[in-house]
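Undergrad: Read off the chains here:
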Amino acid sequence: DQQVKQNSPSLSVQEGRISILNCDYTNSMFDYFLWYKKYPAEGPTFLISISSIKDKNEDGRFTVFLNKSAKHLSLHIVPSQPGDSAVYFCAASGSNFGNEKLTFGTGTRLTIIP
Amino acid sequence: GAVVSQHPSWVICKSGTSVKIECRSLDFQATTMFWYRQFPKQSLMLMATSNEGSKATYEQGVEKDKFLINHASLTLSTLTVTSAHPEDSSFYICSARVQLEQYFGPGTRLTVT
Numbered sequence: 001d002q003q004v005k006q007n008s009p010s011l012s013v014q015e016g017r018i019s020i021l022n023c024d025y026t027n028s029m030f031d032y033f034l035w036y037k038k039y040p041a042e043g044p045t046f047l048i049s050i051s052s053i054k055d056k057n058e059d060g061r062f063t064v065f066l067n068k069s070a071k072h073l074s075l076h077i078v079p080s081q082p083g084d085s086a087v088y089f090c091a092a093s094g095s096n097f098g099n100e101k102l103t104f105g106t107g108t109r110l111t112i113i114p
Numbered sequence: 115g116a117v118v119s120q121h122p123s124w125v126i127c128k129s130g131t132s133v134k135i136e137c138r139s140l141d142f143q144a145t146t147m148f149w150y151r152q153f154p155k156q157s158l159m160l161m162a163t164s165n166e167g168s169k170a171t172y173e174q175g176v177e178k179d180k181f182l183i184n185h186a187s188l189t190l191s192t193l194t195v196t197s198a199h200p201e202d203s204s205f206y207i208c209s210a211r212v213q214l215e216q217y218f219g220p221g222t223r224l225t226v227t
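Top line first, the protein sequences correspond to chains A and B. Take the first sequence: its letter number 5 is residue 5 in the numbering used here, and every next letter is one higher. Take the second sequence: its letter number 3 is residue 117 in the numbering used here, and every next letter is one higher.
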């Protein structure tokens, strides 16, 4: 049972344009969401997170949007740069003590075309 | 940001031997660390939650006698793969929790021949 889904396994975007990565979840107990970037043979790097009390969080070129009613979140990267090429994972957890383990999506491979 | 290291970064071992992987939080104390494995082109799968000073909590389907976890200090957790077999070959990654975020180590590539 895949509780966190990233339906696009890959995405190609022109350099300078906006990259939009999508993520859906099914477990209504999730109330904290994170995006990670991962290069091959390396551990994931934390990018940005959002609590369910918000619908938007912005950090530089990265913005995460959360639509609780649709159980959907997205990561916007603008402008996209060649160094952004990597696999992006969304992850979800509960914020209550004892419920903090992360459930990861299957990942989206983003390729930025120069 | 929080830095997590892993050692070794890669290891090759013979079938039937045991391998220990270390995970350290370098600039903070972590009461909770997590161990994941990742197969090629798949997502990260949580294996177990490691709690300092107590027994690890294993996910369903993970053999606790095969994957021994020890979290003896606030900066070190170890994963020992006992009697390794070729199907244990994978990429093992640890993470440490800081508030609600998890920071990951660089991973360990295990190859069992």
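Please note that a few of the clues may not be correct.
[Claimed, not checked] Beta-carbon label-pair distances, calculated as ranges:
no.	chain 1	residue 1	chain 2	residue 2	range
1	A	K54	B	E201	38 to 44 angstroms
2	B	P220	A	T111	19 to 25 angstroms
3	B	V117	A	D59	15 to 21 angstroms
4	A	R109	B	S119	25 to 31 angstroms
5	B	K128	A	N57	35 to 41 angstroms
6	B	T225	A	S74	35 to 41 angstroms
7	A	L11	B	M159	22 to 28 angstroms
8	B	P220	A	N27	34 to 40 angstroms
9	B	E177	A	D59	21 to 27 angstroms
10	B	Q156	A	T111	47 to 53 angstroms
11	A	Q14	B	K155	23 to 29 angstroms
[To be verified] Not close to chain B: a few residues of chain A, all C-beta gaps over 12 angstroms, as computed:
no.	residue
12	Q2
13	I18
14	T26
15	E58
16	G60
17	S69
18	H76
19	P79
20	G83
21	R109
22	I113
It is worth saying that the hints were derived from the structure and are not from the lab. We put the CB at the ideal spot given by N, CA and C, even for glycine.
Undergrad: Now tell me, hint by hint, if it's right for this structure.
TA: Against the structure, the hints:
1. One distance hint, 38 to 44 angstroms for the beta-carbon pair A:K54 and B:E201, holds here, with the actual separation near 42 angstroms.
2. Range check, B:P220 to A:T111: Cβ separation about 23 angstroms, and the 19 to 25 angstroms hint holds.
3. Taken as a hint, the range 15 to 21 angstroms holds for the pair B:V117 and A:D59, whose Cβ atoms sit roughly 19 angstroms apart.
4. Hint check: A:R109 to B:S119, Cβ distance near 26 angstroms, so the stated range 25 to 31 angstroms holds.
5. The supplied range of 35 to 41 angstroms is broken by B:K128 and A:N57, whose beta-carbon atoms lie about 48 angstroms from each other.
6. Between B:T225 and A:S74 the Cβ separation comes to about 37 angstroms, which falls inside the hinted range of 35 to 41 angstroms.
7. Look at A:L11 against B:M159: about 23 angstroms separates their beta carbons, and that is inside 22 to 28 angstroms.
8. For the pair B:P220 and A:N27, the supplied restraint of 34 to 40 angstroms is violated, since their beta-carbon distance comes to about 29 angstroms.
9. The given range of 21 to 27 angstroms is broken by B:E177 and A:D59, whose C-beta atoms sit roughly 40 angstroms from each other.
10. Under the hint 47 to 53 angstroms, the C-beta atoms of B:Q156 and A:T111, about 19 angstroms apart, miss the expected range.
11. Between A:Q14 and B:K155, the C-beta spacing of about 25 angstroms keeps the proposed range 23 to 29 angstroms intact.
12. At roughly 9 angstroms, the least C-beta separation between A:Q2 and chain B is not larger than 12 angstroms, which violates its mark as non-interface.
13. Against the 12 angstroms criterion, A:I18 stays outside the reach of chain B, whose nearest CB is about 25 angstroms from its own CB.
14. Here A:T26 stays apart from chain B, with its beta-carbon at least about 15 angstroms from theirs, past the 12 angstroms limit.
15. Consistency note on A:E58: stated as away from chain B, and its beta-carbon is indeed over 12 angstroms from all of that chain's, at 17 angstroms minimum.
16. No beta-carbon of chain B comes within 12 angstroms of the beta-carbon of A:G60; the shortest separation is about 14 angstroms.
17. The Cβ of A:S69 lies farther than 12 angstroms from every Cβ of chain B, with a closest approach of about 22 angstroms, so its non-interface assignment holds.
18. The beta carbon of A:H76 sits about 20 angstroms from the closest Cβ of chain B, which is more than 12 angstroms, so the claim that it is off the interface holds.
19. Even its closest Cβ contact with chain B, about 23 angstroms, leaves A:P79 beyond 12 angstroms, as expected for a residue assigned away from the interface.
20. For A:G83, the requirement that its beta carbon stay farther than 12 angstroms from each beta carbon of chain B is met, with the minimum near 18 angstroms.
21. At roughly 9 angstroms, the least C-beta separation between A:R109 and chain B is not larger than 12 angstroms, which violates its mark as non-interface.
22. Listed as a non-interface residue, A:I113 keeps its Cβ farther than 12 angstroms from every Cβ of chain B; the least gap is roughly 21 angstroms.
The structure fails hints 5, 8, 9, 10, 12, 21 (numbered hints given earlier, in ascending order).
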